[in-house]
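Use the sequences and the hints to build the structure in full.
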Amino acid sequence: MADNSELTGQITQSLSGYYDVRTAAGQDFRTRARGNLRHQKQKPVVGDRVVFTEPDDTDHLGYLLRILPRTNVLSRPPVANIDLAVVVTAAKEPDLQTSLLDRQLLSLEQQHIQPVIYLTKSDLLTSSEWTALQPLIAGYRQIGYPVLAPRPPFSAAALATLVGYFEHRLVVLTGQTGAGKSTLLNHLNQDLALATREISTALNRGKHTTRRVALYPVGAGLVADTPGFSAIDLATVDKTELPQLFPEFVRFAPQCRFRSCLHLQEPGCAVKAAVADGAIMASRYANYQQLQSEAAERKPRY
551 MADNSELTGQ ITQSLSGYYD VRTAAGQDFR TRARGNLRHQ KQKPVVGDRV
601 VFTEPDDTDH LGYLLRILPR TNVLSRPPVA NIDLAVVVTA AKEPDLQTSL
651 LDRQLLSLEQ QHIQPVIYLT KSDLLTSSEW TALQPLIAGY RQIGYPVLAP
701 RPPFSAAALA TLVGYFEHRL VVLTGQTGAG KSTLLNHLNQ DLALATREIS
751 TALNRGKHTT RRVALYPVGA GLVADTPGFS AIDLATVDKT ELPQLFPEFV
801 RFAPQCRFRS CLHLQEPGCA VKAAVADGAI MASRYANYQQ LQSEAAERKP
851 RY
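Residue numbering for the sequence shown follows the numbering used here, beginning at 551 and increasing consecutively.
It is worth saying that the hints were derived from the structure and are not from the lab. All residues carry an ideal CB built from backbone N, CA and C; glycine is no exception. Heads up, none of these hints are tricks.
Distance windows between CB atoms, simulated:
| # | residue 1 | residue 2 | range |
| --- | --- | --- | --- |
| 1 | A826 | E847 | 24 to 30 Å |
| 2 | S705 | V601 | 39 to 45 Å |
| 3 | R616 | T681 | 50 to 56 Å |
This is the structure:
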């Protein structure tokens with residue numbers, strides 16, 4: 551094609567400097583980044599919506615011209631414009647830590663990504679442990695987070711329910727190391743199994759990223775084949791933004807005596823009253839206090 555007309559599409563795979571782009575019509579093109587784009591601070595990643603040229607007859611490659619504005623972007627995995635994140639959380643081995651779970655949820659709230667919590671390894675719990683876990687599950691559901699806690703952990707019904715959330719969405723899996731992200735990926739799409747094994751091999755060599763990231767169709771959505779890592783950076787969240795990332799705090803905050811209430815030592819705090827009444831989980835509030843303490847210790851950025 552001599553005219554090299556411009557097209558728009560979404561990057562579905564990144565591999566060693568090459569980017570596969572799919573148009574709204576479902577056509578796939580292999581592209582590379584133009585020099586001016588490579589010198590910009592913003593590097594193309596899977597999920598980016600881009601403008602590119604059609605491939606020419608010489609090297610059969612199109613060229614990325616510019617990246618369209620992103621709604622969000624993650625660094626691990628490097629994916630942009632994410633709609634939904636499945637937070638894979640082990641019920642046991644490793645033990646469920648609400649502090650880590652809440653940090654993951656807050657990070658997603660900050661990026662405006664809808665979380666779905668998927669509980670794995672429920673089959674390792676005794677009956678009494680399983681019963682003791684139910685109030686925690688109910689608490690997160692009450693906040694408004696979908697929680698899938700199947701027993702056995704990868705039942706067909708649970709997987710079907712999960713895939714139902716994927717419709718017309720770009721999805722990533724995130725969670726603590728050892729929680730079962732790779733196993734869940736394999737259950738969702740057999741094509742993801744090979745990609746996951748390749749990533750695991752790279753990780754065993756001590757690497758923290760893989761050079762290949764791709765999106766695979768699952769149900770009516772697209773799922774990134776690279777599971778997210780558990781390192782959560784909330785260093786950019788200040789003390790005034792933090793309460794806004796707790797949806798249940800936002801519901802009670804208008805009833806606080808002071809509009810600028812941080813829900814710590816202030817009198818007339820409706821959030822603290824809700825914690826005392828059991829309307830807000832004590833574990834969530836304790837984790838909030840810890841995060842506020844960390845925010846207070848950070849040096850201000852100028």
